[in-house]
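Asks: Each protein sequence line maps, in turn, to chains A and B.
Numbering that gives the first Met the number 0 applies: residue 0 is where the first sequence begins, and numbers increase by one.
Numbering that gives the first Met the number 0 applies: residue 0 is where the second sequence begins, and numbers increase by one.
Note that these hints are calculated values from the structure, not bench results.
Among the clues, some could well be false.
[Claimed, not checked] Here are the in silico distance ranges between beta carbons for each label pair:
no., chain 1, residue 1, chain 2, residue 2, range
1, B, K198, A, E303, 30 to 40 Å
2, B, G244, A, E97, 34 to 44 Å
3, B, T63, A, E256, 16 to 26 Å
4, B, R299, A, K60, 24 to 34 Å
5, A, K120, B, P163, 36 to 46 Å
6, B, P347, A, T273, 48 to 58 Å
7, B, G363, A, K301, 28 to 38 Å
8, B, K198, A, E190, 17 to 27 Å
9, A, S361, B, R299, 31 to 41 Å
10, A, K60, B, S20, 49 to 59 Å
11, B, T273, A, A165, 46 to 56 Å
12, A, K120, B, E94, 50 to 60 Å
13, A, E190, B, E10, 53 to 63 Å
14, A, T273, B, E9, 52 to 62 Å
[Unchecked claim] Derived pair list, reagent style EDC-like, types lysine to aspartate or glutamate, alpha-carbon separation capped at 20 Å:
no., chain 1, residue 1, chain 2, residue 2
15, B, K301, A, D278
16, B, K261, A, E115
17, B, K120, A, D191
18, A, K195, B, E190
19, A, K87, A, E97
20, A, K261, B, E115
21, B, K129, A, E256
22, B, K198, A, E121
23, B, K195, A, D191
24, A, K129, B, E255
Beta carbons: idealized from backbone N, C-alpha and C, even for Gly.
Protein chains: 2
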Amino acid sequence: MSTTTVNYPEEFKGFAISDPSEWSNPKLTSYVPKTLSPKDVDIEIECCGVCASELAVLKNKWSTGPLRCLSSSYGPKTQCVGHEIVGKVVKLGEEVTEFKLGQRVGLGAHAYACNECSRCKEGNDQYCTKAVGTYSGVYPDGYVSQGGYASHVRANESAVFPIPDALESHLVAPLQCGGLTVYSPLKRGIEDVLSKGIKPAVGVIGIGGLGHMAIMIAKALGAEVIAISRSTSKKEDAIKMGADGFIATGSAEQWEEENADKFHLLLNCASSATELPLDRLLKTLKVNRKFISVGLPDIREKFEVSPFTFLQSGSTIGSSLLGSKAEAIELFELAAKHQFKPWVETIPISEAGVSEALTRLSDGDVRYRFTLTGFNEFFGTGKQ
Amino acid sequence: MSTTTVNYPEEFKGFAISDPSEWSNPKLTSYVPKTLSPKDVDIEIECCGVCASELAVLKNKWSTGPLRCLSSSYGPKTQCVGHEIVGKVVKLGEEVTEFKLGQRVGLGAHAYACNECSRCKEGNDQYCTKAVGTYSGVYPDGYVSQGGYASHVRANESAVFPIPDALESHLVAPLQCGGLTVYSPLKRGIEDVLSKGIKPAVGVIGIGGLGHMAIMIAKALGAEVIAISRSTSKKEDAIKMGADGFIATGSAEQWEEENADKFHLLLNCASSATELPLDRLLKTLKVNRKFISVGLPDIREKFEVSPFTFLQSGSTIGSSLLGSKAEAIELFELAAKHQFKPWVETIPISEAGVSEALTRLSDGDVRYRFTLTGFNEFFGTGKQ
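The following block holds chain A by itself, in its conformation from the complex:
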């Protein structure tokens, strides 16, 4: 057995760091999984998308304390990330009812939701206050969760997604965090308009990993989609993705006047809130509509808007977190029906591959999403 092969079920293996300075060079690490609970499922991982959240956690930008894994009550003191996981069910806790052995499934940014609170029951399990992140989340028993740049992941069935046969694994991977994160606010932000038989106008700000999927998804939902970026450098790509129009906010034009009162929804997929021309952007919203941010900035950044700006249209601003499990399933169906495909570059998993993906993502050198592949070959899995 080579050193990369995993000795499941005693161990999981994954690429992990113990210090933020190592963010671009996670090392292959062996660790014990969390204790199996009756609702847990083990997924033998086939591939995993690479999400900008990973950079924020590995670089420790969303925290003011040390890496959370260092205080894990048992299991590794290292952090393995990755939360756009596709794989095969290889173990079922004794109370699992939704999945069967061998089934292809996925896992997004949450590995647990309680399924009992009012938020879970109302289809808002992404806001469950007991939810545990797929990595760097703390379970009630003190174990700090480990992500999907790994041989296996253990998660509660409440958070696991069934995946339709029509979708390819490396393309469905990025839909599970990035895609879902834009799908939920897009759907919730325009469903009232669609229900009146009106074609909604959606502005997608920031054409990167999130934004490129937002264009495709908004289009599939039936919206007129305008891509909004600082320069025209991504205009051609945005049109190919399906955008009906393009606004370059850094140009000298009076774009906010030309597009005044246009949008039913502005979805901000850019990672910085402070660098946006918010006061100008909000002028393009129709009455009582929303500007929703899904691109998460540094934890010290703040929105700064004058109350007077909102008065022009009674608009509001805020953020949206992920999407519900039901919405993930809707999104997969939408992708299968409309056959839209995220623009994905695959990179075979290895220390070099993980390092390349993280470094290039950090440098913005990605068009528009990475999926790490070849897990079965690397970890010697996939033989059952």
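Knowing the structure of chain A, use the given hints to seat chain B on it.
Replies: Frame of chain A, contents of chain B only:
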């Protein structure tokens, strides 16, 4: 004819200033009205509410330039304020269809809406981009509008409200700006909840002129209403107004934990946005609900909120402007049906009376709203 008597229709008389330093001492002034347009109505004023917006305009706090009246193309270079007007129709433009001579009517913060744009047609005339404020607004012909601390006011019928007989003039006055300003976001913010047969929970922040009406209106709309204030000094009043509960944000209690995930709507009626514990308040919102501000601060103030704060519940923040004409009529019907009455102190109009009202409002010495009365006696009107 005494010096206070008005020689209508050649002149209107009102209390006006020409410099912000005179804000607390408007002087009786004679002026020519704007040119009568075919849709205009002249209202002989019976009484007028006193709104905090008046202080902002008289003190010139919402502008970075000089008083707008100084550049009026014709008419007075002085500013008369007041936009919670009740009176009698005494003149009709030749195309007016909605009102008749002698009818009791009201006028709020807008004296004109175009009635032709998409916003007007969709019931959002308060956001009409061609709307003209009842005072300090600029008409297309360059006349700067003059408000209701006056003998008469001229306004487009699109902005004039019919008033039901059941409501007393001095009590309906404050409903037209202050009341409408809270009614619109309250109704729009909870109607989806009410339509599901659920009793919405509404938090009203700031128990002053706006907040005290918000408590009564939210209650009449069918909500559970929690009054939110810095100290407990207004607790007794809030309960008398109909509040079901009270939160003192300045207390040591963990009120945001006790009320986590409680509110369907937070309505901010406090005049300062920056002094609010926004990050704590937003924790009390349910998923995807709104924090709406109607208390307008100084023009230099900004909301400052971390994008992460919103993530706890996918909430949004923003402001709301006035309400539509249709909503004003709904509000009057609601007040007649539920017999709620703003807490109004009446002050007879005169230079001393206007000065007292403005000074005491500026000092916060009002429980909870002033209406200036006795206009007919003062101006020698009401004889037709």
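Asks: Out of the numbered hints, which ones does the structure contradict?
Replies: none
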